[in-house]
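Colleague: So the protein lines, in turn, are chains A and B.
Residues 1 to 220 in the numbering used here are what the first sequence spells out, letter by letter.
Residues 1 to 295 in the numbering used here are what the second sequence spells out, letter by letter.
Simulated from the structure, these hints should not be mistaken for lab results.
Glycine residues also receive a C-beta, built at the ideal position from the N, C-alpha and C atoms.
Straight-line distance between alpha carbons at most 20 Å, and here's what the computed SDA-like set of lysine to any residue pairs gives: (1) A:K94 to B:Y216; (2) A:K93 to B:R5; (3) A:K89 to B:D203; (4) A:K93 to B:I204; (5) A:K94 to B:Q3; (6) A:K94 to B:F7; (7) A:K93 to B:L8; (8) B:K9 to A:L91; (9) A:K70 to A:Q3; (10) A:K93 to B:E202; (11) A:K93 to B:L201; (12) A:K94 to B:D203; (13) A:K70 to B:T213; (14) A:K89 to A:L77; (15) A:K89 to B:L201; (16) A:K94 to B:L4; (17) A:K70 to B:R214; (18) B:K78 to B:N148; (19) A:K93 to B:D203.
Derived, one-sided and incomplete: chain A residues facing chain B with beta-carbon distance under 7 Å: (20) P75; (21) R78; (22) R79; (23) K89; (24) L91; (25) A103; (26) Q105; (27) I106.
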Amino acid sequence: MIQLFHVYKSYGRHRAALEDITLRIEKGEFAWLTGPSGAGKSTLLKLLFGLEQPDAGQIVIQNRNVARLKESSLPQLRRSIGFIFQDFKLLQKKTVFDNVAVALQIAGASPTEIRRRVTEVLGSVGLDHKKEMLPSMLSAGEQQRVCVARSIVNHPMILLADEPTGNLDADLTTEIIELLKTINTKGTTMLVATHNREIVSRVPRRVIVLKEGRIAEGGG
Amino acid sequence: MRQLRYFLKETLLNLRGNKSTTLISMATIAFTMMLFGVFLLLYFNLDALVGSLQQEIKVILYLRDGLAEKERVDLEGKLRQGPGVSNVLYVSKAMALVNFRRSLEGQDILLKGLGDNPLPASFELTLEKAYQSSEAVQRLAQQFKGLNGVDDIQYGREWVDNVNTVLETVRVGSAVIGLILGLAAVVIIAGTIGLTVWSRLEDIEVLQLIGATRAYIQMPFLMEGALMGLIGGVFAVVLLRGVFELAKSRLADVGGFLGGQMNLMFLPMPWLLLFLAVGVGLGCTGSLLSIRRLL
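Chain A on its own, in the form it takes in the complex (with noise of 0.2 Å):
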């Protein structure tokens, strides 16, 4: 599902993110991604994201080699992969609702199609009640569970996450991850990065430890 080969990263010429990553994340799997700040986690989400490209190697995802994608092809990419922020990236000026329409309006759903899977999406993260309210009426447990919404309301295949709790207190995290833990079952693969390691010991799942951008932990 996921696969990395000798993958290298690096910014300007003696700071090196990422070095010779090889990594393969199963169809349906939970990973957790840990390590200290610095580690190269983020970059290795940017990566898989396309965010960023690799200096050498291959990433492989859904069988499209992702480190030769044109620009061009980085949308259709994007549509196909949920991405949860840590600072949740929602539209401001928008509802709840139309945040999380906005993903189906850029994949060209009808109106009806829309409304039925938002509604849905929404009823599952528990803020049906509050589609119509701006953004920043909301808590930040309510608008990362926005952000969750608009990155699966596509049902996408991989779901990844850079701190999805990093602004969250210990409730809101819980919840968080719960909604995840649910996201998962329903076989979607999953990689969340997080330094967090009380809720890595939590929720027991494959753990990838990063170390000054090295596999330390769980490579393979």
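Following the hints, position chain B against chain A.
Modeller: Just chain B now, kept in the frame of chain A:
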């Protein structure tokens, strides 16, 4: 169609988001386009005037005094058979004098001392449409000059040439001023769209992250520019109509040749549509400049 509805909604949101800048831009576009329209109107009316003057062009062939009747008839036959002549009217010496007296009616003093009829007989030739340009008239005149019995030739070419020169100046002036005003409009629109893009950079980043194509992101901004150009163009037409009505009433007050002869016309519908299309084109160009630079 679905996408179009979304793009329109976004475009209107953008316009509403920067209300004051948008209004100022549209007013400036309307004013610059109106100025261009004034030149267009001037050109259109002068062109029509030249057209009507050319239709009235008559070539007058003055005949040598003492021309025998047979020679006159031969000459008339040749003129009728020649190319470009649609009608030949013979004006005898006596008829020329009658016409002359009629034209000076009430100013008999001028006619005293005229003595014997000094006016020559003549042929007044009306030309076919294809032969009404000043070049064609000149060519025909050269041919007629060599005919037996023709003493002199007169035609209103100088008049038409003068108006043509004015027309050419207005044409070049319109093009230059149109270009300058067009560039100004493009820069204004580019600036306004640039402000909108800046104010929405965060949203644009989000859209890119969730898989929006470049065209999807750019389209509302392109439509915003087009709409600004179109609305500016419509306002320009309204202003232009006002200027036109004012000019028309002033000309009627002036009277004389300009007031009487020059029947001012407003731009016809195809020209107006073209004018609005130019507005839309300017808007799109301004938008493209801005979004290509920023996105």
